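*Asks:* The lines below spell out each chain.
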Amino acid sequence: MSVATVWPRLEPLLPQVGKPIQYVGGELGAVLKEWDSTQVRWALMYPDAYEVGLPNQGIQILYEVLNELPDVLAERTYAVWPDLEALMRAHGVPQFTVDTHRPVAAFDLLGVSFATELGYTNLLTALDLAGIPLTAAERGAGHPVVLAGGHAAFNPEPIADFIDAAVLGDGEEAVLEITGIVRQWKAEGRPGGRDELLLRLAGTGNVYVPRFYDVEYLPDGRIQRVVPNRPGVPFRVHKRTTMDLDAWPYPRKPLVPLAETVHERYAVEIFRGCTRGCRFCQAGMITRPVRERSITTVGQMVREGLEFSGFSEVGLLSLSSADHSEIGDICSGLAQQYDGTNVSLSLPSTRVDAFNIELAEELSRNGRRTGLTFAPEGGSERIRKVINKMVSEEDLIRTVVTAYTNGWRQVKLYFMCGLPTETDEDVLQIARLAHEVIRAGRAATGSRDIRCTVSIGGFVPKPHTPFQWAPMTPPETIDRRLRLLKQAINADRSLGRAIGYRYHDGEPSLIEALLSRGDRRVGAVIRAVWAAGGRFDGWSEHFSYARWGQAAEAAGVDIGWYTTRERTQAEVLPWDHLDSGLDKDWLWQDWRAALAGYEQDDCRWTPCFDCGVCPAMDTQIQVGPTGRKLLPLTPV
Amino acid sequence: MTPRRQPQGGQAPVVQRIRIRYAKRGPLRFTSHRDFARAFERALRRASVPIAFSQGFSPHPKISYASAVPTGVASEAEYLEIGLHTAVDPAELQRALDRALPPGLDVLEAVVARSPGGLPERIEASAWRIELPGVAPDRLGEAVAAFLAAEEILVERLTKQGRRTFDTRAAVVVMSTADTTQAPSEVDGVPCAILDLVVRQVTPSVRPDDILSGLRAVADLPSGPSRATRLAQGELTAHGEIDDPLAVDRDGVPIGGH
Ligand code: SF4
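Going down the list, the sequences are from chains G and C. Going letter by letter, the first sequence gives residues 5 to 640 in our numbering. Going letter by letter, the second sequence gives residues 932 to 1189 in our numbering.
Simulated from the structure, these hints should not be mistaken for lab results. Small disclaimer: the values here were computed from a predicted structure and weren't measured. Warning: the hint list may mix true and false statements.
Label-pair distances were calculated between CB atoms; the ranges are [what the hints assert, rightly or not]:
no.	chain 1	residue 1	chain 2	residue 2	range
1	C	A968	G	G332	35 to 45 angstroms
2	G	Q554	C	S1107	54 to 64 angstroms
3	C	L1089	G	G225	47 to 57 angstroms
4	G	R569	C	G1093	47 to 57 angstroms
5	G	S451	C	V945	35 to 45 angstroms
6	C	G1093	G	T425	48 to 58 angstroms
7	C	S995	G	E142	40 to 50 angstroms
8	C	G1155	G	Q554	18 to 28 angstroms
9	G	S41	C	A968	32 to 42 angstroms
10	G	A8	C	V946	31 to 41 angstroms
11	C	Y996	G	A90	43 to 53 angstroms
12	G	R194	C	L1089	46 to 56 angstroms
13	G	T425	C	A968	31 to 41 angstroms
14	G	S451	C	A968	29 to 39 angstroms
By construction, the Cβ of each residue, glycine as well, lies at the ideal position given by its N, Cα and C atoms.
Okay, chain C solo, but in the shape it has when bound:
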C-alpha cells in the first residue's frame, strides 16, 4: 500500500456506495461491535480501499452499520455500507477486504448500492439459531410449546438505560426446534437441542439470551452454555421468512447514472 492522497483542501466526494454482508464466526464472535469497527477501518487501509472521509476537523471514514449482533453471538448476516471516492469493482473489493481481515471476520458479499434508502430501513427481523449443548431435544420442545402458548413473557435485563422489563413473546415470529442430527456436537453422547427463531427487531432489542430467559421463565429448562448464530436479517415476508436485504441492489433496476 502506498499512502492514499486526498485532493488538497477538503475531502473527495462519494462517487460509489457499496453494501457489504459479513460474518462473525467461531472464536471471533467475541469481537464487540467497536472491535469490529476498528478492525474494519484497518482492513480498509491494508486493502487500499479508496474510502471517502467526512468533512471537518477530524474526518471519519464513511462507514455505516446496520444493527450489530451482540458480543458473543456469531452471525452469518451482518451488514454495512461504505462510501468511496473512486469507483471499484465490488467483487474485487470483497476479496481484498476479506483477505485484509482475520479469518473468522469474513466478508461474504459486496454489491454496489443501486436503490434509494438505507440498509437499516430494510431490516425488520432476524433469524437466529441457538445450540444448547447438554439439553435434551424433548425438553426444549416442551419449553417451546409453553412459550408459544403464552400471551406475554416478561424478562428483565440491564440495558444502557438501566434495568428494563420487556415482553419477549410479542417479538417472536417463529420458534421451532430443529432436527438434532444436524448438531455439530463436539462431545459425543451429549445431547444438543437446537432452537430456530425469527425475532422482530424492536426497542429495547430482544436478543437470543432474552429468549432463553423467556423460555426458562415458562418452562424448566436447565441453564448452561448456549451458542447463538444470526443466520439472516432483513424484511419480514408474510410467511414469517426473511428477505435478503441486498437483493434489490443485486438484481434491482439500476437508478441514476451507475
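The shape of chain G in the complex, shown without the other chains:
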C-alpha cells in the first residue's frame, strides 16, 4: 500500500514559520523513489535543526549506501523548530521526511544518529510528532524500529526506554546487514512480530536491544549486573568497524542544500580512528584503529565531489588530519590542482607543531590567512601529561611565534577546564602561556598587531575512555577557576589587550555528563524535561538548567551521584556490556598512568601497547604511505 505525502497539509503552514526552506527538501543529491517499488524503508534522522543535520557525514553516507540498493528506500528527517512543531500539532501534521514528506511512522526503521547526548529530547519530539509511542515497550508490529547510532550510542542506557536498538561503531556495513534481516523477516510474512525481528537483530552480536537485558542494582544504587533475559542474545554487543575506506568512497553524491547550513563544503574523511591517545577524547578511543583513505581515493573523491556539487570549499576531515601519513602530498597535490581557481581547502587540525603551519601555508595559497587553531588542551605541562597531550611549553610558544612570523595575525588556543587532578594553578598557567605567546610574538614580528584567543571548554568524562571513572569537576569550581583565569589574563593590561577570551558555562556540561554516563534510571529525567518543554538542548538559548534540575529532583535522580562521583575499579559501569574493543583493564591502567603523569605513545609510530581493539575486533592499523602523488588536472 502506498503512503501519501503530507505536503498538501504542511505547505500552508510553511509561510508562517522561520526559514521554511529547511522543511522543503529539493537538495541536489536527494534520491526520490517510488514507495511501492521498495521492500525495506529507512527514515534517517539527525536530531537537530536541518542547518546542523544536513551536512552530517554519517547520515549522508548511510543515505547513499542504502539508496544504492534498488529495493531499499532511505529518506531523511530532522528536528523541527518549536514554531513549526506548534503548527503541526494544531493541524495534525506528523513528523515527515524532507525528501518526499512522507510520514516517519510509515517507515520500517527510524535510524537516529546521535553526535551528542543533548539531542535526546529532540528524539522524543520527533517520536511524539510521528505518532510513535515514546516507550519502545508500547510499540506494535506496525511501528518503525527505532535505532540509535553515532558516538552517543556507545552508552545508550539513558534512552534505553525510548529506542528499540542501538548500533555501535561504523554504520556502512551495519545498515546493510540490518536491511537484510528486515527484508528477510518481511518476506517470510513477519513471523513472531516485532519481538522476533528484534531478536534476529540482537543475534548479530552488533545490535544492542535494551529490552533483552535486565539491569540489577545494588542496595547503594550502583549496578550489580546487566544480563541477557533471553536465549540467543549475547552477553556483550560489539562495535562494527569498516575496514578499507577505499572500498567505501562515500559520499559520492553529497547533498547540496538550498538552505544555509553550518558547512557549505564537500567533506571527505581522510582517515578514521586516532591513536594519539588523548585520554579525554571519546571519539579517539571508540574509533580505533586508524584506517587511512589513500591519497589516490581522496584525490578522486575531491574531484568528483566538486564536479557533482559545485561547492567551492573542500574539508579534509578526520580526528587529527595532519596525522595522515601522506598529508603533505595530499595538501600540496590538491593545492596545485586547484591553484588559481576559487576552490579553497580546509584541514581541521589542532596539532601544536611547525608541520601544522606548513600545511596551513600550503592550503592558504589563494591568499586567505584567516586564523590558526592550536589545541594544547591543558594549561600546565603537568596536566598535559595527565591527559596525554604531549607538547612542551617551549614547543607551544615556538609554534605560535612561527605562525605569527609567517604572517598569521590571529591564533586560537584551545584548552579544557575541569580535567582530572586539575588545580587552580594548572588553569592559571593558561594566562602565563598566553602572555608569553604575545610577548614572544611581538618581539619576533616587531609588531603589536598580533592577537590570540584563548578558548575554554568544560571537560566531561566520557564512557569508554580512561577518564570514565573520573569525577567531573563541579560547575562552581570550573566557573571560579575561569574567573581567576580572566583576572590573570587582564592583570597585564598591555598583553591582556591582545588576548581574547571565550568560555562556556559549566551547567550544560554537567547535564551532558549526566546523559553520557547515566544509566537507565536517567530516562525518566529526559522524559520529564521533554514533557516540561525541553527542546534543542544543545542550543544555549533553548537549554534550561533549572528544567533539568527540577526534573531530576522529581525523578529522584541525584545529578551529583552520576557526575561528580569518582567510580572504583570494581564498579559495574552502565556501558560495560557494550564493547568498543578497548580492554577494560587497559583503560584502568591508562587511568592510573594518567594520575601518575605517565605518557602513552601512539601505536602508529611505536609498538602496539595492547589497548585491546585490534585483537578483539579482528582489525589492524591501515596507514600509508602509498608513495603515490596527485597528478595535475588538465586545465581548460
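With the hints as your guide, set chain C with the ligand onto chain G.
*Replies:* Same frame as chain G, but now just chain C with the ligand:
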C-alpha cells in the same frame, strides 16, 4: 568540470553580459533570495560557466539581481545579469544552467545584453496572481470593488527599518478577479478565488500579502492560506500592461561590436 583557471595577476575582464529570466516554482518558492544566490553560484561552477570575478582581496562572481520576489512567493519572471570572461552561446548557457539547478528553480531564457542601461531601470511594476483556497469568488469580488473604490488603504508591516505604515491602494494599477474554473484546486468541492494584480514597485515595496491585508482592511475577507505567483515584471505600458524587459536585448538593434 575541470577547474577553471584565471590568468595570473588579476581577474579576466568581462567580454559578454547575459541577462537571464528564471522561475521559482512549487515547493522551491520557499527559497529565500540568499538561498537562491548561493545555489546559483554553485550552478555556475557545476555548469563550468566562464563567470568573471570582481577585482580585490575576496573576488566575487559578477552577478546582479533585479528585484527579488519575497520568500514563499512563486515567480515566473525573476531576472539577473551575469558578466562572463569568455563569450558563450546563450541558448546553451540556458540549458546548462537549468540542468545545474534543482527542478523548481528553472532558467527560462538567456539573452546577450545588447542594450545600454541595467535591468533594474526597466522594472516598474509586477503582475501577480494570488490563489485563495477556501474563499468564495463572490466574496473576493466584493472586496475588490471596495478596494478599488477607496482613496487610500493603509497597512502596517515590520520592515528592516522597523514598523512602517504605507498606502497599498496607490500602488495598485490593476486589480481583478479571474475565472475560477482555471483554479488548480487540490481539493475538489472547496472554492478557490483568484486575484490578478498589477502593482507598481515602490518603496517600501507593496507585496502580495500587503495587498491581502489591504483587502481585509476594507472588506470581510476570511484570513487563511494564499498562494501568490509573480507572472511578469517590467515597464508599465499606458494600458496597465507589463513589457518584457528582455525584449530590447532579444530583438533590439545590436550596439557596439557584438
Ligand atoms: S590494539 Fe595495539 S595497534 Fe591496535 S589500536 Fe590498540 S594499541 Fe594500536
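*Asks:* Which of the numbered hints above does this structure break?
*Replies:* Violated hints: 7, 8, 10, 11 and 13; rest satisfied.
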